[in-house]
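Colleague: Sequence:
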Amino acid sequence: MRWENLTVDSGESGGHGRAADTALFGADAVVSRTFDTPEFRGITFHEVRARSVLNRVPGASRMPFEWTVNPYRGCSHACVYCFARKTHSYLDLDTGIGFDTQIVVKVNAPEVLRRQLASRRWQGDHVAMGTNVDCYQRAEGRYRLMPGIISALTKHANPFSILTKGTLILRDLDLLVRAAAVTDVGISVSVGFTDTELWRTVEPGTPAPERRLDVVRTLGEQGIGCGVLMAPVIPFLSDDPAQLRATVRAIAAAGATSVTPLVLHLRPGAREWFMAWLGRHHPHLVRRYERLYAEGAYAPKWYQRRITRQVHELAQEYGIGPTRAGAARRIRPAGAPPAAEPADVSEPTQLTLL
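Going from the sequence shown to my numbering is simple: count from 1 and add 22.
If you are wondering where the hints come from, they were derived from the structure by calculation, not from laboratory data. By construction, the Cβ of each residue, glycine as well, lies at the ideal position given by its N, Cα and C atoms. The reader is advised that the hints may include incorrect statements.
Computed spacing ranges between beta-carbons, pair by pair [what the hints assert, rightly or not]:
1) Glu317 - Pro263: 23 to 29 Å
2) Pro169 - Pro305: 42 to 48 Å
3) Pro226 - Pro305: 15 to 21 Å
Using the sequences provided together with the hints, build the complete structure.
Modeller: This is the structure in structure tokens:
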């Protein structure tokens, strides 16, 4: 998506509307708003009208799906490691604090999706959400794009999956159950660790890990199986065997159907922001990180395999099984016969998301 593929949203309801700085966004206008409520303080929302919301995943990707829908760009979760930071530079936006506070909102996402799903060219492929930034970040509480998106997918019985760190997904519980009656729906919650002090500094805008696990628990109580993406496992900060055990134990106690570990990866954009954070909070680890990630964005294979093996062994001990990230699972109403269990994963899963 580029700014030149967007047109202005002329609506002026609510907030403080103003024309965006064309030097920042290019020739096309974007309506930018700020809101005075505490949860949105310091955040600017750039409301745009997208021409398309179905994004094809490049063929070289290792992801098990070909299409994504991302109603937002930028994310107030402000995770210092977020791989999606680089995508903000495509729009001439800052990949650091700008990624956390300059949120692009595709205000017409539900209506565009309805039109695209109705096209004869659409083949009904699986659609993944939450693969770039969280579709249930704080902005969703105001813009409420996901109910329309879920309803559009349900109308066409189109399979989809959602990955989130947000608790707001529970708002749409009835819609998810309705969707699961006609198509495959997969839900995963991201919980990389349960260390409260680490969470406060590395994921400052997210709900606490225990609140995310409450989402897993609530979904399970409603008959909706929910997996956990244990991501990221952060080298030297959340990878101690005792920490891994505590996290997997908490995931199991929440009733997760699966746990999939993913070691931190540091792509350009995210790497610079994370390393600056590391230098402020854990300067003694900077050299160790430079050595561990000397070959690129990913930790060495031996390290990934070690973490994957440890988590899988713990998952087996606590009675949960690993599954492939992004895999769709049919949500079963309470009392329905169980679906087949997912196959084990012997190699670490690397996500290449857009």
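Colleague: For the pair proline 169 and proline 305, does the Cβ-Cβ distance stay inside 42 to 48 Å?
Modeller: holds (45 Å)
Colleague: Is the hinted range of 23 to 29 Å satisfied by the C-beta distance from glutamate 317 to proline 263?
Modeller: holds (25 Å)
Colleague: In this structure, is the beta-carbon distance linking proline 226 and proline 305 contained in 15 to 21 Å?
Modeller: Cβ of proline 226 to Cβ of proline 305: about 19 Å, so the range 15 to 21 Å holds.
The structure meets every hint from the earlier list without exception.
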